[in-house]
Amino acid sequence: MTTQLTPERVEPHVGSAPSEQRRAIRQRPNRLANRQRPGFLTYGFLAAVILGSVFPLYWSFLIGSGDASTITRQDIVWWPGGNFLVNAASVLENESVNFWRAIGNSIIVSTVVAVSVVFFSTLSGYAFAKLRFRGKTGLLIFVIATMAVPTQLGIVPLFIAMSKLQLAGTLAAVILPAIVSAFGVFWMTQYFGQALPFELIEAARVDGASMIRTFWHVALPAARPAAAMLGLFIFISTWTNFFWPFIVLDRQNPTLPVALALLQSNYFVDYSVVLAGVILSTVPLLILFIVAGRQLVSGIMQGAVKG
Amino acid sequence: MTTALDDERRIRRIAFSQKLSHWDVKISPYLYISPFFILFTVTGLFPLLYTAYVSVHEWHLIGGEGDFVGLDNFSFVLQQPQFWIALRNTFSIFLLSMIPQVTFALVIAAVLNENLRAKTFWRMGVLLPYIVAPVAVTLIFSNMFGDQYGLVNNLLGQAGIAPVQWHSQELPSHVAIATMVNFRWTGYTALILLAGMQAIPRDLYEAASIDGASKPRQFFSITIPQLRPTLIFVIVTSTIGGLQIFDEPRLYDQYGQGGANSQWMTITIYLYNLGWGQLNFGRAAAVAWLLFLIIVLIGLVNLAITRTIAASNDITATPRKSKTVQPRRQKVTA
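These protein sequence lines map, in sequence, to chains V and F.
Quick note on numbering: the UniProt record's numbering labels position 185 of the first sequence as 185, and the sequence is numbered without any gaps.
Quick note on numbering: the UniProt record's numbering labels position 269 of the second sequence as 269, and the sequence is numbered without any gaps.
What the hints contain is simulated information worked out from the structure, not anything from laboratory work.
Check each hint, because a few of them may be wrong.
Unchecked claim - Derived DSSO-like pairs: lysine-lysine, alpha-carbon spacing no greater than 30 angstroms straight-line:
hint, chain 1, residue 1, chain 2, residue 2
1, F, K215, V, K136
2, V, K136, F, K119
3, F, K215, F, K119
4, V, K130, F, K19
5, F, K26, V, K130
Said to hold, decoys possible - Label-pair ranges, simulated between beta-carbon atoms:
hint, chain 1, residue 1, chain 2, residue 2, range
6, F, V25, V, A48, 54 to 60 angstroms
7, F, F16, V, T137, 29 to 35 angstroms
8, V, L51, F, Q79, 36 to 42 angstroms
9, F, S75, V, A145, 42 to 48 angstroms
10, F, A52, V, A89, 29 to 35 angstroms
11, V, W79, F, I305, 45 to 51 angstroms
12, F, A15, V, P225, 57 to 63 angstroms
13, V, P225, F, V301, 47 to 53 angstroms
14, F, R117, V, Q166, 57 to 63 angstroms
15, F, R307, V, A209, 46 to 52 angstroms
16, F, P163, V, W79, 40 to 46 angstroms
All C-beta atoms in this analysis are idealised placements derived from N, C-alpha and C, irrespective of residue type, glycine included.
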């Protein structure tokens, strides 16, 4: 191994060190870059893992591009058929499911929720991380504690409230409970704590900027990377969310996961149509993933998020 | 002229703007956090507390609030065999998904932690399933795990193994549902663990390999103990999420009742059936509270177990660490 330190390299006599030993020492800062490359087996293992992550999507395209008989064949078909567009059309034209409406609804709900969570979280996160006020620690602990409370605990009263307000069945009923997030506040507080030096804020204050101007011109630009990651997470989790929209929305006005569930709820399930619907509902996030997957990866690794 | 008056006015203006600025500093923080707290109180906190109120009342979807009934809803639920079946299924699915998931995620993370080419590509690759909605994952897998024509049984048949009744039998249905959860979350968990692994000082590994520790030995004696906080985080969050599982069992067949004999009915499906099937909100709220208490309890147990397991493995004690200081010191002298 090139990375292993032999005892000679660890304990050179500094005064009389031969030049090659010195070079070895001088190269130490680069040793991370010089770490040994892993072998063929490692890449083979990772390739197998990735094959496993892609396969179910491929399978769903396989079935979604076949016809009803593909599913009942005893031998396994490994290549897509030519029926995807036909199946996709019967998903989109299915009158009891409202798929077009579901696509529009999912875009509206996910966007509104992501924008509002990012906005309110940035504002509170800045205050928690960088401003002084009475009761700060207690309030922050409260925010963190609420993150551990399961969402299911509140759905019964939430449904009663939405019915009383005549909002059941509308998109507002899905959006309202999600417009703020304790997790978002925690995330932005942590980011501001590390990434925004107090000196910058003080400099702006000394120059006579008001508090809100300081927030707008100093804190907000500094928050952009973290805000983008938070927005991405909230968008994805809202897009894929099923439980609450399923309870509060009806079949005339569904979001995509609710519409998918409706596709399957018929007495006879035509999987070639259902899985074509799965592909249709996943493609938007797939595109988002290709564009911003890198940010998603570093977001998870920085913040250790689950939700 | 009126210079004295002007001065006085100017002084007053400065004093006023200072006062304004003072209030600006005092009040702004509260203004910034208040939207969150107001909205959270209305949409988050109020429903939580109100669940407790609903759970001690007779309460129906149509009739609305009825009489105060004390703990009747709780005792009714606890006497239902369905509740205990749901509890058992939930735990079975939870264990089948968490243990393999964390184990496999540890392996993937360890491999990703190697000095790979095209790091980002591999990391994105393992994360891909995360963007597939649980509903979509379930529809795909319930097709693959079909009892009659499913892919899995087809493959088993080709290998000469008798088909498994993935839907009609209890344990196989739990395995299938746990597989869906694992498919979506393993890569995600692996990335969290990878972040934890990267924070472990490399010196520890160098010292260990000087001492002749093999790679597996290093993994169990350095990586696992050092990952303790990350592991606790992963296990606690997946407990909170895992015990609430709904999407996968709900859509595992087209009827959504958790199977003809409740083979895979979970607590949250039971809650949903009480509330929106039988229209009895009082009892549904009682189940919500019971689930919450169970989650808190399990979270605490998990925490205790994880602590002991990780602590008993910890041999990264001081003598080894002190050795690793040497190279650094010499870098300075060189």
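Hints the structure fails to honour: Of the numbered hints given earlier, those the structure breaks are 1, 2, 8, 9, 10, 12, 13 and 16, listed in rising order.
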